[in-house]
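Visitor: Could you build the full structure based on these sequences and the hints that come with them?
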Amino acid sequence: MTTNPCPHEEAVTAAARSGDWSPELKAHRDGCLTCAELTLVVAALATDAEELAAIEAPLPDPAPIWFKAQLASRERDFRRATRAIVWVQRAAVAVTLAVGLAFVPGLWNLVKGAFTSLDLSSPVADLPRAAGSPLLVIVVSMLVLGGLALWELTAAQEN
Amino acid sequence: MALSLPRMQTTDLPGPAVTMDEAAFRHLYDRTARPLRAYLMRSCGDLALADDLLQEAYLRMLRSGFEGEDDDHRKNYLYRIATNLLRDHFRRKRPESDEVPERDESPGHDQAIHMRSDVGGAMAELAPRDRQMLWLAYVEGASHREIAKALGLRTASIRSMLFRARQRLVKQLQVRGLRPELEVS
Chain A
782 MTTNPCPHEE AVTAAARSGD WSPELKAHRD GCLTCAELTL VVAALATDAE
832 ELAAIEAPLP DPAPIWFKAQ LASRERDFRR ATRAIVWVQR AAVAVTLAVG
882 LAFVPGLWNL VKGAFTSLDL SSPVADLPRA AGSPLLVIVV SMLVLGGLAL
932 WELTAAQEN
Chain B
5 MALSLPRMQT TDLPGPAVTM DEAAFRHLYD RTARPLRAYL MRSCGDLALA
55 DDLLQEAYLR MLRSGFEGED DDHRKNYLYR IATNLLRDHF RRKRPESDEV
105 PERDESPGHD QAIHMRSDVG GAMAELAPRD RQMLWLAYVE GASHREIAKA
155 LGLRTASIRS MLFRARQRLV KQLQVRGLRP ELEVS
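Respectively, the protein sequence lines represent chains A and B.
Going by my numbering, the letters in the first sequence line up with residues 782 to 940, in that order.
Going by my numbering, the letters in the second sequence line up with residues 5 to 189, in that order.
Taking lysine to any residue pairs in the SDA-like style, the calculated list, with each CA pair at most 25 Å apart, reads:
(1) A:Lys849 <-> B:Ala27
(2) A:Lys849 <-> B:Asp25
(3) B:Lys175 <-> A:Ala795
(4) A:Lys807 <-> B:Ser164
(5) A:Lys849 <-> B:Phe29
(6) A:Lys807 <-> B:Arg183
(7) B:Lys79 <-> A:Pro841
(8) B:Lys97 <-> B:Glu60
(9) B:Lys79 <-> B:Arg149
(10) A:Lys849 <-> B:Arg67
(11) A:Lys849 <-> B:Glu26
(12) B:Lys97 <-> B:Leu63
(13) B:Lys153 <-> A:Cys787
(14) A:Lys849 <-> B:Asp75
(15) B:Lys175 <-> A:Ala808
(16) B:Lys79 <-> A:Thr794
(17) B:Lys153 <-> B:Ala131
(18) B:Lys79 <-> A:Ile836
(19) A:Lys849 <-> B:Arg64
(20) A:Lys849 <-> B:Leu32
(21) B:Lys79 <-> A:Glu832
(22) B:Lys79 <-> A:Ala838
(23) A:Lys807 <-> B:Gly181
(24) B:Lys79 <-> B:Arg163
(25) A:Lys849 <-> B:Gly69
(26) A:Lys807 <-> B:Lys175
(27) A:Lys849 <-> B:Glu60
(28) B:Lys175 <-> A:Glu831
(29) B:Lys175 <-> A:Thr828
(30) A:Lys849 <-> B:Met24
(31) A:Lys849 <-> B:Leu63
Worth flagging that the hints you see were computed from the coordinates, not collected in a lab.
Guide: Encoded structure:
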């Protein structure tokens, strides 16, 4: 009798699982405590596995698992499809900020000049000249578009 | 049938879409859910938790987009996921240690499952990792390399660890009156 790992363990395991014992292996097992214990463990666990597999509690319904996986899959597909749009929005925000910062001094002078040249006694006649400056229109438009892009981007991330 | 466990970490799954159709999924579920639940129940000792982990394992498999060569391959992948989920579960319960606990004494621990049979009672006395190792080796027929991958251990350590786990189980079985002499015909 031995109590150390035995070189026949693999063969004994296979035989214990299948029930297919050769006479030599059976003789070995009867004389080797390690292999006899191994046989006991394999048989005990096989019985235990059968009992647990036959437990009466119903299995969870697979339908919700499938449904959740489908939802997750669609969400992933949506994110992948809108990834390019999100990047364009980010780029638009970055460009708008950069341009806006570059024009801040000029814009300030422009606004200041427009309002100082404005004749308050006849506001209707001077307003188009101040508001109609091409640079002012471009900058204000970019700020508005940038704000919209930022808002879209934030909304997309929240979703 | 031996387990041929994939190398992918299930905690860091990629994001392709579900690849199998619903009929194939249901077929796989019908074929594998009961034995997988048995593995989970024997490992964690809690039917409700086992059912939760079972569903999570299938969900992760579907979300991973893992196709597998056949149902056996997919089944092996499921066991790998389930083993990772069990490990995560035990780690969450003992955040101060990466090791799984020696005994599972949480409130949800279902003694009814462990004590369902003498074998269940004996297994309940073992560490969760011993239970998983013994189950994968002797119920699922996994190789040492596959067990090592599933449990995050070194392959070279499995032989001796398995031997010691087996001895601990035999000791517990003997306490319950089950001895090798009685089983050997």
